[in-house]
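Student: Two chains, two separate frames, one set of hints: put the complex together.
Spelled out from the first residue to the last, the chains are:
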Amino acid sequence: MNAVEMGHGSGGTLMEELIQRIRSVFSSSYLDQGLDSAILPPVDGKLAFTTDSFVVRPLFFPGGDIGKLAVCGTVNDLSVVGATARYLSSSLILEEGLPLETLDRVISSMAAAAREAGVEIVTGDTKVVEKGHGDGVFITTAGLGSIREGIDLSGALLSPGDVLIVSGSLGDHAMTILGLRESLGFASALTSDCAPLNGMIKALLDSKAEPLFMRDITRGGLAAVLCELAALRAAALEVEEDALPLRDEVRALGELLGIDPLSMANEGKILVAVRESRADAALAALRAHRYGRDARAIGRVVALGAEGVRMRTSSGGMRRVTRPYAEKLPRIC
Amino acid sequence: MAEPTRSPAHEEFRRRDLVLSLSERIAEKAEGLGPLRIMHVCGTHERSINRFGIRGLLPGCVKVIAGPGCPVCVCPVSDIAAARKIAKVPSVILATFGDMLTVPAPDGSLQSARSEGADIRIVYSAADALELARSESGREVVFFSVGFETTVAPTAAIVASLAGRPQKNFSLIVSNRVVPEALELICSSPELSIDGFILPGHVSVIIGSDAYLPLARDRKIPCAVVGFESVDLLAGILDLLEQIRSGIAVVANSYSRAVLSGGNAKAKAFIAKVFEPCDAVWRGMGVLPGTGLSLRSEYSAYDAISKFGVKVGTEDEGVPEGCLCPLVMTGQREPEQCPHFGRACRPENPVGPCMVSDEGTCKIRIEFGDAG
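The listed protein sequences derive, respectively, from chains U and F.
Using the numbering used here, you'd call the opening residue of the first sequence number 285 and step up by one each time.
Using the numbering used here, you'd call the opening residue of the second sequence number 57 and step up by one each time.
The shape of chain F in the complex, shown without the other chains (with noise of 0.2 Å):
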């Protein structure tokens, strides 16, 4: 090796001359604008925050908040603890991502219910888990499906594939949830006063800038869709500056070298033939209508739940006693204000949602500290 190298490939877009010019045409924008609210809902951009250290490059009157960014976080206990019962059947084998397991719920965690004995495998994709079905005919593979849209259509496409070649042993418990809709309700929410969104580069691949139209439109909501480099951080903030200081809301496509308007139309697709909206529960926040998909009729065979005859509770059973996920979700809360932060809820020991996941604000403040 001679001298290390940078890698170019993403180099660009986190390039210091860029951030600092960025950083002081944001602070030019602000001058005179009262405290901001921004929201970001995504747990990737929550980690490239923390991660460059973007909010230590803000002026003092624009705050960025994490939203609701982590569909692990969102998971309510009851579809936890209806994956717990059918992953106890003994023919059954549990497929899920990683993060899932340790998700504390008060009859108690995934993991817990592997150390009582249930098969529960960890996978990176609903192809995997189908293929895991193929290879383990003599058993009942059932995947717990947790995501935005980024994973939805992934999934989409697994159970579409099932129409020419079906897969008997083969099941979901689907617990993803769509964006779009949940900001909507987010935003009409006074105590939470939002100012503009930062909205999330990996969904919007799928769905497209023109998804969020309703919130610039009918709410009046700055929106800027941003990547995940510093640069683009910066960026996407800067475009929402000049939408408040004009007074005029439209969305931004900040992030146009991977989001398209219409989105990924192939993506959509699958996402419209196999699922359909449906009212769902985030964790914490209670039943947001529209912001969850279930099952179509065509693949009702595939529905786990009734499969297994598991009845699933409709109620947000919320959070432990003293936990402030929920605030910490909607931006209401920073994680350093709750009383378990970093002292009963930990990574190795969560108490609340938000400390299991990656894309989890809680994991993230405990993995980055902010310098400021």
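Bound-form chain U, shown alone (with noise of 0.2 Å):
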């Protein structure tokens, strides 16, 4: 037995064998209760809880696959709203004749990233579909975390002159699917950024820098993120075409495809938004961590009260941003 069958769904012991191989990669004492749901022990505080699910295609990328993605998407989600991640679930939609190989290389990067991000996989489910009705997994992850006392990162203390920073090159994720989709050569030195940012984050949380504002920037891009914070708080935003950290492939990618970096997903980038007096120390804090090393200061709030985003382009003109009304790249995570 070499591949997924319906059988591995069906309730039945080939579906107990199933599980049992899962249970024993991800190894947590909350999944050897055996219970149907998991029994987890008091937390102080408020509680986050996000989910999300990934149907990236191709199951493998450089830098990640599936299941890592699986486990930081929901991490980073957590730790944007200042919340420790703690536990998540794992839900898994299998087609039948999925080589068995490929799910076990897919639930142990999922293990490792919630190992080097330090959350358990407490809960999980497992269903296949017949052949030609998925295409090969689907992974579904929650999370709960708890959140840190006298944290708010909802933007609702940003005034003008505040200043926007990007923890590190933009679009990585999104040239190195669509390079390997297209077989683009030029593209294969890319790799996705699809990384647990919690260690970031808590360092930049733990330093001077006091954050107003944190979201990670995942499909949409930067530009659906500025557009929301824009929103959200009825800022007017400025940011700098110059100052937007690009690697020489996505722009010559972008420029190929006519993809706009500014609306490209990443994996593993978050904008913040701090006082001015506090951006050294964000930029410090960020760089000091590896997944923080390109972090730059892209632009600043410039008023409240007048919703809008621009962008000073590398030429000297000024150009609107706005919200992209869909993701040109289907199935990016």
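If you are wondering where the hints come from, they were derived from the structure by calculation, not from laboratory data.
What you are looking at is a predicted structure, and each value in this text was computed from that prediction instead of being measured.
Just so it is clear, CB atoms sit at the ideal spot from N, CA and C, and this is done for glycine as well.
Among the clues, some could well be false.
What the hints assert, rightly or not - What the simulated footprint calls covered on chain F by chain U, stretch by stretch (three residues with Cβ under 8 Å from a Cβ of chain U suffice, anywhere in the stretch; the number is not a length):
#	stretch
1	394 to 408
2	412 to 424
To be verified - Which chain U residues face chain F? A few, computed with CB under 8 Å, are given here:
#	residue
3	E539
4	T597
5	S599
6	G600
7	G601
8	R604
9	T606
Tutor: Quick look at the structure:
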């Protein structure tokens, strides 16, 4: 038996074998409780709770895979609201015929990412669909975290002059996936930025940066996050095109394919807003971490009460930045 | 990654110091000249102008307006209806560019034909469509050919290749348009009052800057063939202002790194070999004589319209009620002046054709807006 069969979802012994296979990789005492729900110890303070589904194609790509993505995505969603990520669930939808070796790689990768992030996968589910009704494997994770006291990253305290910082190069994930799908040879040097950012974010929160707003930059890219912030706080934001951290390959692919780096998806980047006097502290804290080495200040809050995002272009002109109306690349995460 | 670096290839043509000095020179040149209307006729130009924020770098008296520069936008309802009819023939696979799928038409878009069961596939070129015909020998593959000279040339080369290696299950709906002849008609329209043309760089690579000589010589309209970077655009506009000031209209080639005066002889030969001029409807603009192309008789076996016996309307059915696309395409209105713009008409649910393609003025304006 080398591949997933319909029987693996039947509730019988085949399914039990599959569950054991997964459980042994995730290795959590809560999973070993063998109950219908994981029973977790009490937590201090407020809870943060989030969920996300992952359908990326292809399943494996330079810098990551669907398993790593599924763990990091949920860990990051918890982290950017100021929560300490603690527990994850994992629901797998497997397509009949998926090689078990592929499944092993995916769940090993989930386990490795969870170890790096210091979170535990404490509950899970597995379903099997007929061949042709899925695409190998789809994963849904949910995450629980506890919120640190006294932290407000909602941007409620934003004021004119505040500095906008991105934690590193933009578009690496989107262009890695695109390069792979379209077999664009010159994109082969790229790797996805998929990473658990809780360590970096903790370092930032522990520093003197006192961030006022934080969000991970995923689908829709930086443009979407900037527009969300502008709408949320009725803020006018201005960014500098020349300040955007972009790898040469990403810039070149964007040029070639007419994709604006502002709208490219990322899986390991955040946008942070801080007071101008705290910008150096924020940059230093981010750059001291491996996932924030290329952090840069990219713009400012210019006014409140007039919503909009503008960008000073490399050429010196001004353009508006709008929310991308649709992801140009389907199934990117 | 150390410090992020800029790739050098095109950055030279976006240098801020050059852009700002060109912008100053344009302001000097424009001083004392009345309001000027400079028209470009290329969706990629509109995209670049928005992307670099060019309009904000020009003096108030120089207005750059977007002409009919999007082949998807000008494709008439009658051709879309013909494509729908042919696509619904059970043996047919209709192959076309992705943008064509969602162009709204009264009887429905190609997308709606697809949801009704028609087999419509997205291709990137006529070569892809021919490849499809070779691999699907039991089916009829029909390429819905839309585009200006830039896309006409490779399509012509593919059709010409069929002389040596016929492909019985392959044919084309030819809805291509040519640029210079259309420009002559546009500038003869008194309500447009064009003071200069920014000519399309890509098209000109094929046809050459000399193709526009009649515009400058006979119509006395200043012309500049222009590339797509910020320095290109401003250098082209400066060229036009110099002509306007001197009162001598010529065809300046501000994109000489890509465009030759005679164009690409081989490409032009392919076009002339395969196609002949015909009258054509431009959506919302009516019939423009001599601006279309049809297959020459030697290649008539590849004409899908006669092959499937479809009737194609010759009238311009225009655009939906209230849609200002025809006025936007001729530079008489800004997209923002249309009551549908950004409300009923959005990229995810276009009312008019200019909201569909990445080359369409309305879609570009939604995306970039005008930060001035």
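Student: It remains to establish, for every hint, whether it holds in the given structure.
Tutor: How the hints compare with the structure:
no.	hint	result
1	394 to 408	holds (count 3)
2	412 to 424	holds (count 4)
3	E539	7 Å, holds
4	T597	5 Å, holds
5	S599	4 Å, holds
6	G600	4 Å, holds
7	G601	2 Å, holds
8	R604	3 Å, holds
9	T606	6 Å, holds
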